[in-house]
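Top to bottom, those sequences are chains A and B. In terms of this note's numbering, the first sequence opens at residue 142 and continues consecutively. In terms of this note's numbering, the second sequence opens at residue 6 and continues consecutively.
Fair warning: there could be bad hints in the mix.
Unchecked claim - Pairs of lysine to any residue, SDA-like flavour, derived with a Cα cap of 20 Å:
1. B:Lys71 <-> B:Ile117
2. A:Lys317 <-> B:Met331
3. B:Lys145 <-> A:Ala305
4. B:Lys357 <-> B:Gly82
5. B:Lys75 <-> B:Ala35
6. B:Lys353 <-> B:Leu209
7. B:Lys357 <-> B:Leu174
8. B:Lys145 <-> B:Val86
9. A:Lys317 <-> B:Lys75
10. B:Lys145 <-> B:Ala81
11. B:Lys71 <-> B:Ile93
12. B:Lys75 <-> B:Ser249
13. B:Lys85 <-> B:Thr178
14. B:Lys85 <-> A:Gly332
15. B:Lys357 <-> B:Ser249
16. A:Lys317 <-> B:Ala292
17. B:Lys85 <-> A:Val163
18. B:Lys319 <-> B:Glu239
19. A:Lys317 <-> B:Leu330
20. B:Lys85 <-> A:Ala305
21. B:Lys336 <-> A:Met216
22. B:Lys145 <-> A:Met216
23. B:Lys336 <-> B:Lys319
24. B:Lys145 <-> A:Ala162
25. B:Lys85 <-> A:Phe175
26. B:Lys336 <-> A:Gln324
27. B:Lys85 <-> A:Ala162
28. B:Lys85 <-> A:Met216
29. B:Lys85 <-> A:Ala166
30. A:Lys317 <-> A:Ala305
31. B:Lys336 <-> B:Val159
Stated by the list, open to error - Partial pick of chain A residues on the chain B-facing surface, computed with a CB cut under 8 Å:
32. Ile190
33. Glu193
34. Phe194
35. Ala206
36. Val207
37. Leu212
38. Val214
39. Ser274
40. Thr276
These are calculated hints, taken from the structure and not from any lab test. Think of the CB as a built atom: it goes at the ideal place given N, C-alpha and C, for glycine as much as any other residue.
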Amino acid sequence: MALQAIAFYLMATVTILAGLAVVFARNPVHSVLFLITAFFSAAGLFVLIGAEFLAMLLIVVYVGAVAVLFLFVVMMLDVDFSQLRQGFARYLPIGLLVAGILTVEMVMIAINVAVNGAAAKNATPQASLPDVSNTETIGRVLYTDYVYVFQAAGLVLLVAMIGAIVLTLRHKPGIKRQSIPAQNARTPKTGMTIVDIKPGEGISE
Amino acid sequence: MTEPTSPWLWFGLALGQILLIVVFLLISIAFLLLADRKIWAGVQMRKGPNVVGPFGLLQSFADLLKFILKELIIPAGADKVVFLLAPIITVTLALAGWGVIPLAPGWVISDINVGVLYLLAMSSLGVYGIIMGGWASNSKYPFLGSLRSAAQMVSYEVSIGFVIITVILLAGTMNLTELVEKQSGWFWNWNVFGGGLANLPVALVMIPMMVIFYISALAETNRPPFDLPEAESELVAGYQVEYSAAPYLLFMLGEYVSIVLMCAMISILFFGGWNPGFPTDFMATWAPTLQSFVLLLVFSAKVVFWFFMFAMAKAIVPRYRYDQLMRLGWKVFLPTSLVGVFLVAGYKVFQKVYL
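Next up, chain A with everything else stripped away, as it sits in the complex:
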């Protein structure tokens, strides 16, 4: 247990510090790197509570794919920092408002969990099927009770994907593209002609 406690406090501290650094870092690329650190240590916290499948998904999906694209975009952007900071005072009230609402919500949830949750009843959280690994548990719930919601989420993603393709796909005329079937279909007969050249004549087109 001592090792788990050490691991918990280590990763919780790293998560919080990295989260703060995301906001306070001057360089946006550093912000994204701190965000990745926060994701990674959050995945570590998931492992500690025994949700290893969620932890791995967090790393594969968010850290391995989504954050790479973040990093990609932020690196390519040429951000002017002085311009970014100009609107700071103007947007401060609305930012504070959003932050305030979120804080109130989180405090309410925390109070509710502390009063009515498992911890208040002095019970440890129980998996629904103790002898089944949590990958299988999630699969059983996801494809039975929540199958319509799950499929609907898939459809939403599909629509978003098609939308992105429709918005960006353009076929400019006048650009030579490689057509691999056409290349493979070429034979000596279609690719060249054999000309019998008589002496002193050369080739006339």
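Go by the hints and put chain B onto chain A.
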């Protein structure tokens, strides 16, 4: 192995095991690197490194000394922390993947339930070392190289993921030790042949899946013919241009460790890990340590075979153009592996009903 009672004893033991595997791995890498160069040379009818030690066996150690003793140069405009962090991350993540690889019966550092996913996660994190290195160098060629690499690795992860799903569906487990144990006995129990004589038709799907995994592994580790991030004819050396001495050594080391990790993954996912391909009942009377050691040699032989395949691909296949690489990943491998997932999943469902 029995669980030690004290957590600190357990901590120390785990640390010892990690150290043992890392040392074992690094020494193997030194010789595999030499083998890589020798095979490459052999294909081109050269001799390869043959000066340091007998047959050039100590070449890698001479290179190691050179890398460590050379001057470390950090470009003036570089982001120093990120610049030095990048190679460290590369090598750490590559080594971290080995934490779940079952080397022999009972010989694994951490036998976790989601071992396959963990490997996928670690290999997908590998892109950060490269992209951070390229960006922090504050130079055009490294940056272009790292952008290429990020796009390439993200693309080929998708097909690797689908291929892994077919294997998981077939075996019904994500625990690597269980995965290997299910493939014990004769070689037709290996996943590449569908995991058992009854499933032999699935071999028609699994063999192409294995080939896709092998080619995607080449792309995922930036090996030729997909070494576009460091295409020397276009980008000098890609993301490694500004690196010298020990950080460069770490980059190269991380690359080779992840290549060997990919070889180990192919062996475990498709070729039965430590199973030699015939029943090992005659070993039942041997001491457990001796059994494990012999089976470790079997596993190593498979890994070395796949490393040989990687080296041959480097020697004989010309480099892809970037648009061809993307076309192969998204238009060929992704649909093919998706169809593979459907076929295997369908087989698993209808097998119970009709067979």
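Against the structure, the hints come out as follows:
Annotation: proposed proximity of Lys71 (chain B) to Ile117 (chain B) is violated, straight-line Cα distance about 39 Å (limit 20 Å). Under the criterion of a C-alpha separation no larger than 20 Å, the hint pairing Lys317 (chain A) with Met331 (chain B) is consistent with the structure, at around 17 Å. Distance restraint check for Lys145 (chain B) and Ala305 (chain A): the Cα-Cα separation of roughly 29 Å exceeds the 20 Å cut-off, and the hinted pair is therefore not satisfied. Simply put, Lys357 (chain B) and Gly82 (chain B) have alpha-carbon atoms about 63 Å apart, too far for the 20 Å limit, and the pair is violated.
The hinted pair formed by Lys75 (chain B) and Ala35 (chain B) meets the criterion: a straight-line CA distance of about 19 Å does not exceed 20 Å. With a CA separation close to 14 Å, the supplied pair Lys353 (chain B) and Leu209 (chain B) stays within the 20 Å bound. Straight-line distance between C-alpha atoms of Lys357 (chain B) and Leu174 (chain B) comes to about 14 Å, which keeps the hinted pair within the 20 Å bound. This hinted pair checks out: Lys145 (chain B) and Val86 (chain B) have alpha carbons roughly 19 Å apart, not beyond 20 Å.
For a cut-off of 20 Å, the pair hint linking Lys317 (chain A) to Lys75 (chain B) is broken: about 48 Å separates their Cα positions. Straight-line distance between C-alpha atoms of Lys145 (chain B) and Ala81 (chain B) comes to about 14 Å, which keeps the hinted pair within the 20 Å bound. With a C-alpha separation of about 19 Å, the suggested pair Lys71 (chain B) and Ile93 (chain B) falls inside the 20 Å cut-off, and the hint holds. A hinted pair counts as satisfied when its Cα atoms are at most 20 Å apart, and Lys75 (chain B) with Ser249 (chain B) qualifies at roughly 8 Å.
Taking the CA atoms of Lys85 (chain B) and Thr178 (chain B), the gap is about 43 Å. The hint is violated against a cut of 20 Å. Using a Cα cut-off of 20 Å, the hinted pair Lys85 (chain B) and Gly332 (chain A) is violated, with the two alpha carbons roughly 55 Å apart. Distance hint between Lys357 (chain B) and Ser249 (chain B) is unfulfilled; the C-alpha atoms sit about 58 Å from each other, more than 20 Å. For the proposed pair Lys317 (chain A) and Ala292 (chain B), the alpha carbon gap of about 67 Å is over 20 Å, so the pair is violated.
For the proposed pair Lys85 (chain B) and Val163 (chain A), the alpha carbon gap of about 19 Å is at most 20 Å, so the pair holds. With a C-alpha separation of about 18 Å, the suggested pair Lys319 (chain B) and Glu239 (chain B) falls inside the 20 Å cut-off, and the hint holds. Our distance criterion of 20 Å between C-alpha atoms is met by Lys317 (chain A) and Leu330 (chain B), whose separation comes to about 18 Å. Only pairs whose Cα atoms come within 20 Å are accepted, and Lys85 (chain B) paired with Ala305 (chain A) is rejected, the gap being roughly 37 Å.
Distance check on the hinted pair: Lys336 (chain B) and Met216 (chain A) sit about 27 Å apart at the alpha-carbon level, beyond 20 Å; violated. Proposed proximity of Lys145 (chain B) and Met216 (chain A) is supported: the alpha carbons are some 12 Å apart, at most 20 Å. With a C-alpha separation of about 23 Å, the suggested pair Lys336 (chain B) and Lys319 (chain B) falls outside the 20 Å cut-off, and the hint is violated. Pair hint Lys145 (chain B) plus Ala162 (chain A) does not hold up; C-alpha atoms about 28 Å apart against a cutoff of 20 Å.
Proximity of Lys85 (chain B) to Phe175 (chain A) is assessed by CA-CA distance (about 16 Å); at most 20 Å being required, the pair is judged to hold. Annotation: proposed proximity of Lys336 (chain B) to Gln324 (chain A) holds, straight-line Cα distance about 17 Å (limit 20 Å). Between Lys85 (chain B) and Ala162 (chain A) the alpha-carbon distance is near 18 Å, which keeps this suggested pair within the 20 Å criterion. Between Lys85 (chain B) and Met216 (chain A) the CA atoms are separated by roughly 17 Å; this keeps the pair inside 20 Å, and the hint holds.
Simply put, Lys85 (chain B) and Ala166 (chain A) have alpha-carbon atoms about 16 Å apart, close enough for the 20 Å limit, and the pair holds. Among the hinted pairs, Lys317 (chain A) with Ala305 (chain A) is inconsistent with the structure: their alpha-carbon atoms are about 24 Å apart, more than 20 Å. As the CA atoms of Lys336 (chain B) and Val159 (chain B) are separated by approximately 14 Å, the hinted pair is consistent with the 20 Å bound. Against a cut-off of 8 Å between C-beta atoms, the interface hint on Ile190 (chain A) is violated, since the closest Cβ of chain B lies about 14 Å away.
Contact between Glu193 (chain A) and chain B, as hinted, is supported at the beta carbon level, the nearest pair being about 5 Å apart and thus within 8 Å. Taken as an interface hint, Phe194 (chain A) checks out: its beta carbon lies about 6 Å from the nearest beta carbon of chain B, inside 8 Å. The restraint placing Ala206 (chain A) at the interface with chain B holds, with a minimum CB-CB distance near 6 Å, inside the 8 Å limit. Violation of the interface hint for Val207 (chain A) is found here, the shortest Cβ-Cβ separation to chain B being roughly 10 Å, above the 8 Å cut-off.
Interface hint status for Leu212 (chain A): upheld, as the beta-carbon distance to the closest one in chain B is roughly 6 Å, under 8 Å. Annotation: interface hint on Val214 (chain A) violated; nearest CB of chain B at approximately 11 Å, more than 8 Å. Contact between Ser274 (chain A) and chain B, as hinted, is supported at the beta carbon level, the nearest pair being about 5 Å apart and thus within 8 Å. Hint status for Thr276 (chain A) relative to chain B: holds, with the closest Cβ pair at about 6 Å, below 8 Å.
The structure shown violates the earlier hints numbered 1, 3, 4, 9, 13, 14, 15, 16, 20, 21, 23, 24, 30, 32, 36, 38.
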